[in-house]
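Colleague: Protein chains in written order, with our numbering: chain A, 1 to 386; chain B, 1 to 345.
Calculated directly from the structure, the hints in this document are not laboratory data. There's no promise every hint is true.
What the hints assert, rightly or not - For lysine to aspartate or glutamate, the following EDC-like pairs were computed, each having C-alpha atoms within a straight-line distance of at most 16 Å:
no.	chain 1	residue 1	chain 2	residue 2
1	A	K206	B	E60
2	A	K257	A	E286
3	B	K49	A	E237
4	B	K261	B	D250
5	B	K43	A	E339
6	B	K43	A	E237
7	A	K384	A	D187
8	A	K230	B	E63
9	B	K261	B	E333
10	A	K229	B	E64
11	A	K312	A	E347
12	B	K67	A	E339
13	A	K230	A	E243
14	B	K51	A	D235
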Amino acid sequence: MIAKSIQGKSPHEVSDKIDKCLSDIQVSNGQGFKPTLAFVFMSIKLDWKGVSELLDQKGIDVFGATTEIEFTEEGIEDNGIVILLLDMNKSNYKIILNEFEYSNAMETVHKIGEAGVKTFSNPAFIISGSLSDWPGELLMDGIADKVGHEVKIIGGMAGDTTTFSGIIFTNGESCRQGILSLIIDNDKIELNGVAVSGFKAVGTEKVITKSEGPWILTIENKPAMDVIKKYIGNDVEGTRISETLVSLNTAYPIQLKREVGSPIMRPTLMYNTETKAVYCGGSVKEGTSFRFSLPPDFDVIDTVIDSSREIKEKEMNEADALLIFSCIGRYSMFGPLIEKENNGLAETWDKPMAGFFSLGEFGKVIGGKVPEFHGGTCSWVAIKEK
Amino acid sequence: MNRDLENIKVSIEQSDKLNESEKETIINSIKAVEKELTILEFKLQRTEKVKRTTSVLLEETIEELEKKRTDVEQANAALKKSLEELKSAQAQLIQTEKMASLGELTAGIAHEIQNPLNFVNNFSEVNSELAEELNDEIEKGNLEEAKDIARDIIENEQKISHHGKRAEAIVKGMLQHSRTSTGQKELTDINVLADEYLRLAYHGLRAKDKSFNADFNLEIDENMPKIKVIPQDIGRVLLNLINNAFYAVDKKAKEGMEGYKPIVSVSLRNKDDVIEIEVMDNGNGIPDNLREKIFQPFFTTKPTGHGTGLGLSLSYDIIKAHGGNINVVSKEEEGTNFKISLIKN
Numbered sequence: 001m002i003a004k005s006i007q008g009k010s011p012h013e014v015s016d017k018i019d020k021c022l023s024d025i026q027v028s029n030g031q032g033f034k035p036t037l038a039f040v041f042m043s044i045k046l047d048w049k050g051v052s053e054l055l056d057q058k059g060i061d062v063f064g065a066t067t068e069i070e071f072t073e074e075g076i077e078d079n080g081i082v083i084l085l086l087d088m089n090k091s092n093y094k095i096i097l098n099e100f101e102y103s104n105a106m107e108t109v110h111k112i113g114e115a116g117v118k119t120f121s122n123p124a125f126i127i128s129g130s131l132s133d134w135p136g137e138l139l140m141d142g143i144a145d146k147v148g149h150e151v152k153i154i155g156g157m158a159g160d161t162t163t164f165s166g167i168i169f170t171n172g173e174s175c176r177q178g179i180l181s182l183i184i185d186n187d188k189i190e191l192n193g194v195a196v197s198g199f200k201a202v203g204t205e206k207v208i209t210k211s212e213g214p215w216i217l218t219i220e221n222k223p224a225m226d227v228i229k230k231y232i233g234n235d236v237e238g239t240r241i242s243e244t245l246v247s248l249n250t251a252y253p254i255q256l257k258r259e260v261g262s263p264i265m266r267p268t269l270m271y272n273t274e275t276k277a278v279y280c281g282g283s284v285k286e287g288t289s290f291r292f293s294l295p296p297d298f299d300v301i302d303t304v305i306d307s308s309r310e311i312k313e314k315e316m317n318e319a320d321a322l323l324i325f326s327c328i329g330r331y332s333m334f335g336p337l338i339e340k341e342n343n344g345l346a347e348t349w350d351k352p353m354a355g356f357f358s359l360g361e362f363g364k365v366i367g368g369k370v371p372e373f374h375g376g377t378c379s380w381v382a383i384k385e386k
Numbered sequence: 001m002n003r004d005l006e007n008i009k010v011s012i013e014q015s016d017k018l019n020e021s022e023k024e025t026i027i028n029s030i031k032a033v034e035k036e037l038t039i040l041e042f043k044l045q046r047t048e049k050v051k052r053t054t055s056v057l058l059e060e061t062i063e064e065l066e067k068k069r070t071d072v073e074q075a076n077a078a079l080k081k082s083l084e085e086l087k088s089a090q091a092q093l094i095q096t097e098k099m100a101s102l103g104e105l106t107a108g109i110a111h112e113i114q115n116p117l118n119f120v121n122n123f124s125e126v127n128s129e130l131a132e133e134l135n136d137e138i139e140k141g142n143l144e145e146a147k148d149i150a151r152d153i154i155e156n157e158q159k160i161s162h163h164g165k166r167a168e169a170i171v172k173g174m175l176q177h178s179r180t181s182t183g184q185k186e187l188t189d190i191n192v193l194a195d196e197y198l199r200l201a202y203h204g205l206r207a208k209d210k211s212f213n214a215d216f217n218l219e220i221d222e223n224m225p226k227i228k229v230i231p232q233d234i235g236r237v238l239l240n241l242i243n244n245a246f247y248a249v250d251k252k253a254k255e256g257m258e259g260y261k262p263i264v265s266v267s268l269r270n271k272d273d274v275i276e277i278e279v280m281d282n283g284n285g286i287p288d289n290l291r292e293k294i295f296q297p298f299f300t301t302k303p304t305g306h307g308t309g310l311g312l313s314l315s316y317d318i319i320k321a322h323g324g325n326i327n328v329v330s331k332e333e334e335g336t337n338f339k340i341s342l343i344k345n
């Protein structure tokens with residue numbers, strides 16, 4: 001399978017680049033590169049509809065999401081466009097877009113799993129979503145219910161930190177509240193990847209005494225933001241988003257304790273200055289215990305890159321392309337070093353790569369058997385058509 | 001770009017002493033240095049931030065842990081106090097149980113004492129009359145008659161002494177029962193102990209409830225050796241089991257079943273390594289679902305105010321403390337059999 005990554009600052013620029021690469025790349029049959037599938041990650045401020053139509057006109061299936069910051073192996077684009085073109089056999093994949101209904105949440109996610117098993121006997125999923133409440137665990141459970149708990153699910157939530165939501169789109173369809181799934185025939189397409197965090201839990205456990213969806217209202221019966229500021233200090237506050245909302249430094253996610261398995265990360269994204277409630281990247285249940293985190297040491301970047309090298313050595317010697325879904329918190333946390341992480345991953349297989357900084361990631365952790373919904377991780381997947 | 005690096009870059013660009021290729025190489029190096037400087041600056045800032053956060057977190061966590069330690073210490077103190085109070089309450093309850101069993105003995109003991117006292121009184125009265133007769137015969141000068149009467153008086157005095165000692169022994173036994181156990185084991189004749197408590201229990205119940213009536217029998221083993229036990233404690237166990245047995249047969253008798261004959265049997269056997277004491281009744285038996293609970297403290301099937309629920313629990317503890325075993329076999333509507341085995345010394 002041939003892959004090509006493109007990036008630019010405008011639809012016009014990428015359109016030219018697409019045309020150029022279609023003509024420049026020669027395959028062994030001498031017929032030129034004929035991509036069938038495009039991963040499109042771009043700013044909501046640009047003409048995502050136009051880009052989708054452009055690709056549609058060329059007969060290319062679109063897996064699209066609006067994002068805040070996106071990148072390829074060439075570097076980071078801020079509010080730009082990145083596209084990863086693949087000439088994957090059309091019989092090996094299917095794209096579906098499901099609008100999410102909170103009143104019927106489980107049914108919605110079950111539909112995705114059902115579509116998977118209906119399409120392929122051994123499906124895997126690359127997903128993106130735009131949901132105001134991010135029931136990430138629900139997505140995992142719903143798909144796993146229908147496909148099996150060791151199903152491969154990799155992806156990242158779309159959107160930006162202004163509204164904490166975005167748009168997901170495919171050919172002729174889009175929505176602001178839904179899930180976009182690329183269902184892949186795992187017998188024909190090999191997928192391998194992990195989600196790596198590196199955050200260290202610190203301090204004693206505290207209990208979330210009141211919450212509503214992703215909002216934490218009180219911690220041990222005290223206003224949530226008061227507790228967070230008490231333990232993390234003023235460095236946690238970011239910039240004002242609106243009259244009552246202030247963003248938070250995502251370098252200090254909380255780690256929710258689970259009965260079984262490693263803790264689940266939840267970045268604290270913003271807080272309400274009136275209620276002092278804190279908004280997290282994902283739902284938070286009342287009664288859950290958590291610990292604060294400190295940002296990973298810089299050497300976690302080596303851990304991320306090493307994870308890809310290990311998979312290359314042990315499981316997947318070659319790949320055709322790479323996708324990366326890295327938490328938006330890592331961008332501010334690692335600053336200029338984040339490119340080292342992205343590029344390091346790309347260099348493992350030295351193949352085209354595209355990705356974006358997401359508002360929540362899907363994937364399994366190192367040593368994990370089942371995919372999970374995370375915050376604060378770098379979740380990557382190498383793709384190879386057999 | 002860093003100002004100094006920018007200056008170097010500008011100088012290089014403007015220099016006519018270098019060719020384009022050389023300029024490009026140097027400028028690329030400058031850019032790489034700039035990138036490295038940016039990274040180092042970022043790392044330093046991040047480290048400082050994390051250091052500040054860690055410091056705040058640490059201080060708050062220490063304070064929190066201190067507070068938790070104080071809370072734990074206070075909770076410990078409260079728990080200790082509660083434990084002391086519970087122990088005290090337990091001791092009081094045990095004492096109540098002892099007093100209750102002592103109370104149950106009282107009527108039996110009174111009955112038991114009555115018998116020898118009757119002998120004492122009767123023989124004393126007879127001796128009084130005989131003493132007067134003796135005086136008369138001495139005054140009459142009938143020496144032989146006087147000697148016969150004196151012999152009778154002496155005989156009667158021996159009987160008075162014997163029955164007096166019987167009463168003394170009963171009182172001593174009662175006192176021993178009421179005293180807190182010293183924990184000292186003594187060589188004890190279990191046959192005698194069982195006999196004593198069986199009769200005490202029976203007469204005690206008869207005194208309390210005139211309508212109570214039951215047969216009882218005691219089967220002793222002539223070859224029973226004396227064994228080292230705390231007699232008050234074993235006596236308490238026997239009393240409890242026997243009282244329970246009488247209670248059970250009395251309850252069944254009051255149901256009015258035709259042809260029912262309430263009976264409680266106590267049998268003692270000398271085995272190889274142990275001695276066995278069985279207390280059997282032909283009452284209504286213990287339901288299966290209750291059998292596991294009967295040795296639990298405060299468990300009772302008697303109406304409120306009719307039992308502390310500690311009798312069997314204490315009995316169990318006493319037997320276990322003696323290194324023995326206590327078991328129950330029961331069949332509903334047929335009866336119950338408690339078997340104690342005690343190690344011979």
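Colleague: All hints, please: hold or fail.
Modeller: Consistency of the hints with the structure:
Note on K206(A) and E60(B): the hinted pairing holds, with a Cα-Cα distance of about 13 Å set against a maximum of 16 Å. Among the hinted pairs, K257(A) with E286(A) is consistent with the structure: their alpha-carbon atoms are about 12 Å apart, no more than 16 Å. Proposed proximity of K49(B) and E237(A) is supported: the alpha carbons are some 12 Å apart, at most 16 Å. Straight-line distance between C-alpha atoms of K261(B) and D250(B) comes to about 10 Å, which keeps the hinted pair within the 16 Å bound.
Under the criterion of a C-alpha separation no larger than 16 Å, the hint pairing K43(B) with E339(A) is consistent with the structure, at around 14 Å. At most 16 Å may separate the alpha-carbon atoms for a hinted pair to count; K43(B) and E237(A) exceed this at roughly 20 Å. For the hint pairing K384(A) with D187(A), the CA-to-CA distance comes to about 11 Å; that is within 16 Å, so the pair holds. As the CA atoms of K230(A) and E63(B) are separated by approximately 11 Å, the hinted pair is consistent with the 16 Å bound.
Distance hint between K261(B) and E333(B) is fulfilled; the C-alpha atoms sit about 13 Å from each other, no more than 16 Å. The hinted pair formed by K229(A) and E64(B) meets the criterion: a straight-line CA distance of about 15 Å does not exceed 16 Å. Taking the CA atoms of K312(A) and E347(A), the gap is near 11 Å; set against the 16 Å cutoff, the hint holds. Between the alpha carbons of K67(B) and E339(A) the distance comes to roughly 44 Å, so the proposed pair goes past 16 Å and is violated.
Restraint check: the Cα-Cα separation between K230(A) and E243(A) comes to about 23 Å, which exceeds 16 Å; the hinted pair is violated. Between the alpha carbons of K51(B) and D235(A) the distance comes to roughly 11 Å, so the proposed pair stays at or under 16 Å and holds.
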